[in-house]
Amino acid sequence: MATNNTHPILTGAEILWATLVGEGVTTVFGYPGGAILPAYDALRKFPIHHVLTRHEQGAAHMADGYARASGKVGVAIATSGPGATNLVTGIATAMLDSIPIVCISGQVSSKVLGSDAFQEIDITGITLPITKHNFVATRAEEIAPMIREAFQIAASGRPGPVLVDITKDAQQGTATFNFDEAAPASYRPHPMLRAESTEMARAIELMRASTKPVILAGHGIIHSGAEREVLAFAERYQIPVATTLLGLGAFPASHPLALGMMGMHGESWVNHAIQQADLLLAFGMRFDDRVTGNLASYAPNAKKIHIEIDPSEINKNVKVDVALIGDLKEVLNTMEPLIHDRNYLADASTTKTTRAWLREIRSLKGDAAVRDIINLPDNGHLYAAHVINDIWQEAKAAGRLDKTIIATDVGQHQMWEAQYFKHEDTRTLITSGGLGTMGFALPAAIGAKIARPDCDVWCIAGDGGFQMTASELSTIQQECLHINVAVINNGFLGMVRQWQEAFYDKNYACSPILSPDFVKLADAHGIPGAHVTERKDVTPTVAKARTSPTAFVINFSVEKEDGVYPMIAPGAALHEMVRRPNPLIETAEDE
Amino acid sequence: MLHTFVALVDDKPGTLTRVASLFRRLNVNIVSLTVGESERDGISRMTIVCDAPEHAADRIRASLYKLETTRDVDELGRSEAVIRELCLIKVAAGPNSPHGQQSRSQIFELANVFRARVVDLAPESIMLEMTGAASKIEGLLQVLRESKFEVLEVSRTGRMAMRRGHHTGRVLKALGTKPDEEAPVAFPDRPVTDDLPNQFAEDEA
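As they're listed, the protein sequences go chains A and B. Under the numbering used here, read the first sequence as residues 2 to 592, first letter to last. Under the numbering used here, read the second sequence as residues -10 to 194, first letter to last.
Hints listed in this document are in silico derivations from the structure and should not be mistaken for laboratory results. Some clues are possibly wrong.
Said to hold, decoys possible - Some chain A residues near chain B, calculated using beta-carbon distances under 10 Å:
id, residue
1, ALA93
2, VAL163
3, LYS317
4, GLN501
Note that the structure is a prediction, hence the values are computed from the model and not measured. Cβ atoms here follow ideal geometry from the backbone N, Cα and C, with glycine treated the same way.
With the hints as extra help, turn the sequences into a complete structure.
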């Protein structure tokens, strides 16, 4: 290496890896190819572990799972053209759930840019709407500043994916490498951030006037690292907490104030509590349509306080009374002394009214427990809800709950997971909420396992979604990872079938799906597995998988035409849910 | 209704696409968009006029801010800002035009009234240059057409806007009123009251 004073002159490829090392990256997920080959050629000189995926989509999802499990920025790398376009679904998944990942794509030489050269595609153009920002580096000296800025953008404010497209000649060229000088200008907070004391005073007044408050706990709590602050806030003012899908784990599920998941498949009393509340405190959530149901009838009596870092989310779907725009943790910390100054708890009746409100919420549960499938005695059928609940029970009994990470796919099993796996700890659920990406679970589980090797990682997927990225089983073997896979196999694209049952007159168009023998498939990869068809076998097999020294695949043959309930039809009000059938309907085979 | 935004953005390749793409995504039509240099090095100034519902303005502004290439955004109302447009108009003015030999003198008169300038004179046509509010330009065009002149070509720059009486950080610095470094926000005098208006206010009214 030649040196220029104290700073070495490196190739663009070396600068790329050196900058990643400087940013604290230890693992990248990727797939080599022509336009990124110079970078791969230089990889062995740097202390970075490269996980070879079986598809670039897997690389992006792994970086995503890595970021969700660790809170650090995940890195995916791919070549130009098809390699880059294969990243797109993974980038969009990260965008919709605000996950900090940096994707690096190779690009044809700058001399032939725009000429439709072999494997050339305008990936920055393609990813423009699905990245927080993206860059093209055409010269070696641009690489370090761009990578560093990409990391800053990905992780700051509302996080998100950033793509850096690096031409082949930029990788091959040389430049002086100075990590410190390549630092981006200091982070510029969004100029509309404002959480002023007058607004806070209004928020506190609303809190004081409220007798039926509910906290809506979202993903922003996890991004902000405000789990403890939210817990303290809820406990101090005795406010019950409903959680979004991505907020699961941000508030301990067993806490007396925890209501559980809200929204389309939330428990009836959670949604009733929101509809009857007189104050909603939305913490780092964005009033997604899956959470609100029909907007016109959403929480009609409630004042709304929205604490959110992204100003463009304020008043987007739901009109709020007070908006505190900023980092949740900072806002709560600033608000805390103000609440004390205002003698919030001086009024002794405050605690009394909140107790009455909690009693009222409990009474809303009604016969929900009776209807709950979990309380159904073993009737010879294997229900997915039981499988997921047993996975939770097994982890709990083994004392591993805080060290168990679940990565789910999208569909019925995802909702059952949200309902029946009680997440106590932050970052223990990894699921594609916003984009709803099937095929997410397995690669995300790989990323999570690499980020948290001390944890038991479960991939819970349906038979449909699992087949989308099942090739990553091979990655598991190549990396010698112990990941447990639970395939919830009902022979249908279950959620599609449920919608066809509910809204399309049971016309099961293209929702029955044939699957290979997943245990044999695992065996072909050298991974042991087991079939489970009866409830009594669930827990022993789950325990066997968890304690197995290697990866383990379990194929759960569950009830074919089971539905996720409660369910709110699209466009219906939040309280107009379809309850669980009572008594639980027997299946077609019993009729 | 029409909204006028002024955005200071990084002068880099792709910035225009990002801004244009944002409006496409919000399904908002851009009426006019002008881009040029600003008082700061490496920063372009855009004036964007778009047709969007009244309550959409805040989301547009918040979304513009979210672009990494955006430095600052201001939204201008008609009363508080000077809004100008430049227009070139080519009018047929030859012996064969409707007003024949009288054409030229009549166009000169009109130009005088509207404070337009004649910038090109050809045997068959006259080119007028005019700066002003959009309504003034439309006024001239309307008079030309109603007077049976044949308007051959019209080229308009789209609106440019600047807040009246308010000072950018650079100007304040030059005036010696703000000795510190260049303010991170370029429009420090932007009224704060409109920062978080309730986009649903109108629905309730």
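- Message: Quick check on GLN501(A) please, does its C-beta sit within 10 Å of some C-beta on chain B?
- Response: violated (30 Å)
- Message: Given ALA93(A) as an interface hint, is its Cβ closer than 10 Å to any Cβ of chain B?
- Response: Hint on ALA93(A): violated, closest Cβ of chain B at ~13 Å, above 10 Å.
- Holds or violated: is the Cβ of VAL163(A) closer than 10 Å to a Cβ in chain B? Check passed: Cβ of VAL163(A) comes within 9 Å of chain B, closer than 10 Å.
- LYS317(A) as an interface hint toward chain B, with CB separation required under 10 Å: holds (6 Å)
Violated hints, listed in ascending order, are 1 and 4; each of the other numbered hints is respected by the structure.
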